[in-house]
Amino acid sequence: MRDPYLWATQYTETYNPHWVEEKRAAPYEKFPSFEEYPHLFDLFELLGAERIHFFEKSRDLMLTWGCVAFLTNKAMIVPAREVLFQTQKSEKVKQLIKYARCLYDRQPQWLRDAFPLARHQSDLRLNFAHGGSVIGIAGGANQIRSYHPWGYLNDESSFQPDAGDCYNEALSAAAGSIIFNSSAGPGWFADVRHDVVLNREE
Amino acid sequence: MLSSTAKSKALAALEKTKALPAQSVADVRRGVTVRRTSGGIPVTRFHYSAVPARDPDLNPEWKKKERATYTSQAAWDREQEIQDLAGGGELVFADVLVTYWNKIVISNPEWRPHEKWRVEAGFDHGRVNPTAFERCYFDYDGVIYFCGEYYVPGLEIWEHAPNLKTMADIRKVTVAYADPTIFDFNLQQSNQPSQPGKSAERAKSFNELYVEQGIQLFSPFSGDRSDISFAERLLMHWANLDKREPTVKIVCRNYAEKPVPGLHNWDCPNLLWELMRTRRTKLTAQQMLTRNAAEAIVDKDNHARDSMKYVLMSHPEPTVKSVKEKAYEAVEPLIEEGDLTSALIRYNQQLGANEKKPVRIGKRR
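Residue numbers (our numbering), protein chains in the order written: chain A, 1 to 202; chain B, 1001 to 1365.
Hints are computed from structural coordinates only; laboratory data are not their basis.
Here a beta-carbon is modelled for each residue, glycine too, at the ideal position from N, C-alpha and C.
It cannot be assumed that every hint is accurate.
Derived, one-sided and incomplete: chain B residues facing chain A with beta-carbon distance under 10 angstroms [unchecked claim]: (1) Pro1042; (2) Asp1077; (3) Ile1082.
For reference, chain A alone in the conformation it holds in the complex (with noise of 0.2 angstroms):
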């Protein structure tokens, strides 16, 4: 389990709202093979590797699924490890505690028992037994300054007007991964990617 990839490729599953338009089998898949999604290997290769991860997409690529397995794991292992989410609404947010959720929920029984959640749960958390969490908050710089999370997702960060406030925030919040993911978009993000954010020391 501590393999992200193995979890989320060989012991967990994704699901997929479209499948009866996408005439797939069933709502519930494994994440797609390394010959199908070879980019999902080197996605969870990179984010083991270093700390702060700024990545840019075409849509459909599985990336925010692949950052949600990636975390997801890390919180459940891990005692008392939360793991924050952070979205520009909160319905969005809510949105991917359910893609975390059901990786969790479409595990062997073994794995869960494993890792039992907490009694409480709701729409923006899903809480470990061993007091680990995953986080759901919207957008907004302010919002991450009561967390003191081991890693942090923000999604769709071009379409986050203070993204680089809270890049600031999560430098110092959070402990351990930072991931920017996002599709193409003006604003902080596209500039910091390409070095155009002006600063001080520039």
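Given the coordinates of chain A, work out where chain B should sit on it, guided by the hints.
Positioned in the frame of chain A, the structure of chain B alone reads:
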């Protein structure tokens, strides 16, 4: 099972980027690349071609089919080709700049403005945003040369002032037009005395703070501040360049695709960078139903551009030659011929002819 080669690709590329300059790309596999920002943060790009079933080389049908589901090329470029600025408004100056770069941009490292040309400037104060000071010269034919700039973000006025004082030709600047809002008395800490026994504080303007730091140079710009008018005027200076020379030129020997903050005594890289990025606003699909195409210009990265606007929209006149310069020009051929006596006579005649006579007001006598 995965091969060891597949396993090593991403980490090898990530490691490779540590030795490469910022923004240099290392390939992981088809559709996946890694680069680093100047701060060392890895940026990984996941393009749809990473999925074999979507790779245009292996399965061109997917792209055709998928592209048809997008309503515009811009939407496709943004969502699938990862182009951040796709779908933005029309670029205003980039086309003419790129097409006539060699005419508009002076890149000869030896080039310097004539010492007799009049010097003016435009100024845009910023605190978090860059403070921009653009110096420009006017030749005898009315051609305007932007040559020298100060472009620094994040400093206080007391930090900008000494930098500005060291700028080349700063003492030749006859007028520096600035945003009129820097003359408003709206900076006030308190209306109480700062210390017992001292008089109460009063509101100050940014300009006053510059004056206190020894920069007594700025005049409020009172002309047309519209960005649209400015764009039209600048494009007029750059119109029909197939048949003539531009009447606004920009000196730049160090152009970069990003801001280059600092004092550039004889170049304007940041002005060029801002002009290259200047866009008209883009209307949403809903707005397009009820409005004409947008003409307004996006109010972003417009610090050096605003400084340029103040100069250009003040309708500057060409530099006028002095009486002595005109007289010297008249006798130059005689001097070249060696006829110094005639030259002296002609010189004095020219001085006399150009002497300004008082205009008599009152009864004719």
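Does Asp1077 of chain B hold up as a contact with chain A if the rule is Cβ-Cβ below 10 angstroms?
holds (8 angstroms)
Minimum beta-carbon distance criterion (10 angstroms), Pro1042 of chain B to chain A
Hint on Pro1042 of chain B: holds, closest Cβ of chain A at ~6 angstroms, below 10 angstroms.
Does the CB of Ile1082 of chain B sit less than 10 angstroms away from some CB of chain A?
This interface hint holds because 5 angstroms falls under the 10 angstroms limit.
The structure shown violates none of the earlier numbered hints.
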